[in-house]
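Protein chains: 2
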Amino acid sequence: MEKYIKYMKEALKEAKKAELIDEVPIGCVIVKDGKIIARGHNQRETNQSPIGHAEIIAINKASKKLNSWRLEGCDIYVTLEPCIMCSGAIIQSRINKVYYGASDPKGGALGSSINVLEANNINHHPEVISGVLKEECSSIITSYFKAKRQSK
Amino acid sequence: MEKYIKYMKEALKEAKKAELIDEVPIGCVIVKDGKIIARGHNQRETNQSPIGHAEIIAINKASKKLNSWRLEGCDIYVTLEPCIMCSGAIIQSRINKVYYGASDPKGGALGSSINVLEANNINHHPEVISGVLKEECSSIITSYFKAKRQSK
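Going line by line, the protein sequences match chains A and B.
With the working numbering, letter number 152 in the first sequence gets 789, and the count goes up by one each step, no holes.
With the working numbering, letter number 3 in the second sequence gets 640, and the count goes up by one each step, no holes.
Be aware that one or more of the hints could be misleading.
Identical chains blur together in the list; that is why a pair holds if it fits in one copy or across any two.
[As the list claims (entries may be wrong)] Think about it this way: if two alpha-carbon atoms lie no more than 27 Å apart in a straight line, the pair counts; the simulated DSS-like pairs of lysine-lysine are:
hint, residue 1, residue 2
1, 785, 672
2, 771, 643
3, 702, 789
4, 701, 654
5, 654, 698
6, 701, 653
7, 701, 783
Don't read these hints as lab results, they were simulated from the structure.
Keep in mind the model is a prediction, meaning the values are calculated, not measured.
Let the sequences and hints guide you as you build the complete structure.
In structure tokens form, the structure reads like this:
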């Protein structure tokens, strides 16, 4: 199995953790030297935090683990295309590569709603690989909202 | 004195706190119903955190104080034009108005390096007022870097 598939499956496990606590199921992992060093799942409602996205939680954990704000040499695997805030955090942290699953036309900031990497004068441009396990990453969200609507 | 001048002066006080701990002097306050409910200053190096910007710290505090990820009815006053990450956090938190001091051609995301509010399909567009006490907000940063260079 390709490595990026393996790590996206781990990100999907995180998304499922979000679903279990009735959060929109989005998850991610951060990988350095072949090891997962941080995990995160969406906890916006649980923590009542506007910054409680999977990526911010994982980036925060990874920087604590490495005791550095520079996450150079780290890759992030996230089930949904990051929003403006999370794409900005990825740039700020100097993450090397972003692998994401499903695109997000309603706020994805790596090409769908806007491409923040087109900003002038920013000092870091992570490589972006999209569409990794996109069916699974997309359907977990679709199913979540479908179930929500039916329960109403 | 105009209210927005008063609050920007408070944001400048926060920027000075950052300078005292040898951080790039950027500060902010969040105001609701005429009261400052949260303050933040840049602590990226101190906390070794890529998300340790003034705005993220203040937004986090404000949402804890209000016990809500929705900072509706809140305004943010920040000495420097917010970066992509912080502009995204402002959008996520539904902050009403953004008052900023100095523009940032090297990463300002509300018009200088990019304008993230031009993203398609985002569900919140804060009002932006720029140039509030821009000389003071700019010179505190310029002086900081000048002193840094001279001490080398």
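Structure-based check of each hint:
When the C-alpha separation of residue 785 and residue 672 is checked against a cutoff of 27 Å, the pair qualifies neither within a copy, at 35 Å, nor between copies, at 38 Å. In the homo-oligomer, the alpha carbons of residue 771 and residue 643 lie at most 27 Å apart inside one protomer (14 Å), although the nearest pairing across protomers, at 49 Å, exceeds that limit. Taking identical chains as interchangeable, the C-alpha atoms of residue 702 and residue 789 are never at most 27 Å apart, the minima being 42 Å within one chain and 31 Å between chains. In this homomeric assembly, residue 701 and residue 654 come within 27 Å of each other (Cα to Cα) both inside a single copy, at 22 Å, and across copies, at 23 Å.
In this assembly of identical chains, residue 654 and residue 698 lie within 27 Å of each other by CA distance both inside one copy and across copies; the values are 17 Å within and 25 Å between. Taking CA atoms no more than 27 Å apart as the test, residue 701 paired with residue 653 passes in both settings, with 24 Å inside one copy and 26 Å between copies. Taking identical chains as interchangeable, the C-alpha atoms of residue 701 and residue 783 are never at most 27 Å apart, the minima being 37 Å within one chain and 31 Å between chains.
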